[in-house]
Amino acid sequence: MGLPIDAMEVDVDVVLGTRQIRIGEFIRLKRGAAIILDPVQDDLVDIRANGRLIARGAVVVKGDTVAITVTNRLKGA
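Residues 1 to 77 in our numbering are what the sequence shown lists, from first letter to last.
Hints were generated in silico from the structure; no laboratory data involved. Treat the hints with caution; some may be incorrect.
Derived lysine to aspartate or glutamate pairs resembling EDC-like cross-links, with alpha carbons at most 20 Å apart [as the list claims (entries may be wrong)]:
1) K75 with D6
2) K62 with D38
3) K62 with D43
FRET-style restraints, in silico, Cβ to Cβ [to be verified]:
4) A33 with L74: 33 to 43 Å
5) K75 with D13: 13 to 23 Å
6) R73 with R22: 37 to 47 Å
7) K75 with D6: 13 to 23 Å
8) R22 with A77: 33 to 43 Å
9) R31 with G51: 19 to 29 Å
10) V15 with G63: 14 to 24 Å
11) V70 with E25: 29 to 39 Å
Treat the numbers as computed from the prediction; the structure is a model and nothing was measured. Just so you know, even glycine gets a beta-carbon here, dropped at the ideal spot from N, CA and C.
With these hints in hand, go ahead and build the complete structure from the sequences.
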């Protein structure tokens with residue numbers, strides 16, 4: 001018998017922001033380089049499970065920790 005559904009794993013993705021850079025800048029990126037994103041602290045972000053949009057959330061920053069607080073779970077998700 002398989003695992004109960006609440007024991008199964010799911011991939012969760014949250015896109016915190018985007019930034020356009022030139023290809024030359026992209027090629028020169030080294031390990032440890034920082035890409036500055038547009039501010040997102042007060043913006044809602046999409047939360048996806050296995051690629052499917054399931055909720056929206058707010059970015060929370062406490063010290064060195066970045067987390068997402070679920071603010072709206074989508075119906076049927």
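Checklist entry - Of the hints stated earlier, which fail here? => result Nothing - there is no hint that the structure violates, so all of them hold.
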